[in-house]
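Q: Given chain A, put chain B in place with the hints provided.
These protein sequence lines map, in sequence, to chains A and B.
Our numbering puts the last residue of the first sequence at 113; the count rises by one with no breaks.
Our numbering puts the last residue of the second sequence at 116; the count rises by one with no breaks.
It is possible that part of the hints are untrue.
[To be verified] Over 10 Å on every C-beta distance to chain A, these chain B residues come out as not near it, computed from the model:
#1 E22
#2 R24
#3 L26
#4 Q29
#5 R37
#6 S54
#7 K55
#8 Y58
#9 V62
#10 E63
#11 T75
#12 T78
#13 E104
#14 V115
[What the hints assert, rightly or not] Subject to a maximum C-alpha distance of 30 Å in a straight line, what follows is the list of computed DSS-like cross-link-like pairs (lysine-lysine):
#15 K20/B x K5/A
#16 K64/B x K42/A
#17 K42/A x K20/B
#18 K112/A x K68/A
[To be verified] Just the calculated beta-carbon pair ranges, DEER-fashion:
#19 S55/A x M45/B: 37 to 43 Å
#20 L26/B x F95/A: 25 to 31 Å
#21 S10/A x K66/B: 29 to 35 Å
#22 P52/A x T114/B: 25 to 31 Å
#23 F95/A x S89/B: 32 to 38 Å
#24 A113/A x K41/B: 21 to 27 Å
#25 S7/A x L116/B: 33 to 39 Å
#26 A29/A x M45/B: 38 to 44 Å
The hints are simulated quantities; they were obtained by calculation from the structure and are not laboratory data.
For every residue, glycine included, the Cβ atom is placed at its ideal position computed from N, Cα and C.
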Amino acid sequence: QQQVKQSPQSLIVQKGGISIINCAYENTAFDYFPWYQQFPGKGPALLIAIRPDVSEKKEGRFTISFNKSAKQFSLHIMDSQPGDSATYFCAASGFTGGFKTIFGAGTRLFVKA
Amino acid sequence: GAVVSQHPSRVICKSGTSVKIECRSLDFQATTMFWYRQFPKKSLMLMATSNEGSKATYEQGVEKDKFLINHASLTLSTLTVTSAHPEDSSFYICSARRGRGTGELFFGEGSRLTVL
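If we strip away everything but chain A, and leave its shape as in the complex, we get (with noise of 0.2 Å):
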């Protein structure tokens, strides 16, 4: 029930294109969701997070798309870029499990220039 499950592994594509990764949960429990951006060698970096309340927000090229009923929620990149490329995750945070924060697998998105 702590899971998040993170689709696809990886993805590729061209600059300018869209790109868009997928996460599910369980616990109805979670009432935080951030994605994260890491590049190698680095710490992640907070990207943009999103409460229950809402199914949708913006800021700049990236825009978080919340399905509460469905237990889902999905990141868009804009115009991608050359410069996007890394691995980004997904997750999730609530008040059962002490408030950790739980990871998805993680995404290894490549923008072709």
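A: Only chain B this time, still in chain A's reference frame:
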């Protein structure tokens, strides 16, 4: 955003020695810090939750005598890998949460440990 500093970024040690990694929240007080281990091309594996002034809570399968965690102040947590062996070689990352409950985690830059 808030800054979490992790040191050292890289460390190479001989088998049998102990290594200490520091994690500092530079501009906020962190009552809770987390330590993760990350294998190549894998996700972050939570090792333990570190609460200021109390004992760390370790995840199942993590040896508490091997990985000593101390959270002596609201801005500093340390991870000591004791009697390190080559299989302990990994990328260790700390994170700190500002405030309580759910919310943004601020991550350190990670520490690459290589045990010869």
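Q: With 10 Å as the threshold, tell me whether R37/B passes as away from chain A on beta-carbon distances.
A: holds (12 Å)
Q: At 10 Å, judged by beta carbons, does E104/B keep clear of chain A as stated?
A: Non-interface label on E104/B violated, nearest chain A Cβ at 6 Å vs cutoff 10 Å.
Q: Can the suggested window of 38 to 44 Å be confirmed for the beta-carbon pair A29/A and M45/B?
A: This hint is violated: roughly 22 Å between Cβ atoms.
Q: Quick check on a hinted range of 25 to 31 Å for L26/B and F95/A, using CB atoms only.
A: At 28 Å between Cβs, range holds.
Q: Say whether it holds or is violated: T75/B keeps its Cβ farther than 10 Å from all Cβ of chain A.
A: Non-interface label stands for T75/B: nearest chain A Cβ at 17 Å, farther than 10 Å.
Q: With respect to the beta-carbon atoms only, verify the hint that A113/A and K41/B lie 21 to 27 Å apart.
A: Given about 23 Å between the Cβ atoms, the range holds.
Q: A cut-off of 10 Å on Cβ-Cβ distance, and R24/B was said to be off the interface with chain A. Does that hold?
A: Label holds. Min Cβ-Cβ 13 Å, cutoff 10 Å.
Q: Against the range 29 to 35 Å, how does the distance between the Cβ atoms of S10/A and K66/B compare: consistent or not?
A: holds (33 Å)
Q: Against chain A, does V62/B keep a CB gap of more than 10 Å to every residue?
A: holds (13 Å)
Q: Given the hint of 33 to 39 Å, check if S7/A and L116/B actually sit that far apart at their C-beta atoms.
A: Given a distance of about 38 Å, which is inside 33 to 39 Å, the answer is holds.
Q: Take a quick look at T78/B and tell me if its Cβ sits farther than 10 Å from every Cβ on chain A, holds or violated.
A: holds (17 Å)
Q: Range hint 25 to 31 Å: satisfied by the CB atoms of P52/A and T114/B?
A: violated (42 Å)
When held up to the earlier numbered hints, the structure conflicts with 13, 15, 18, 19, 22 and 26 and fits the remainder.
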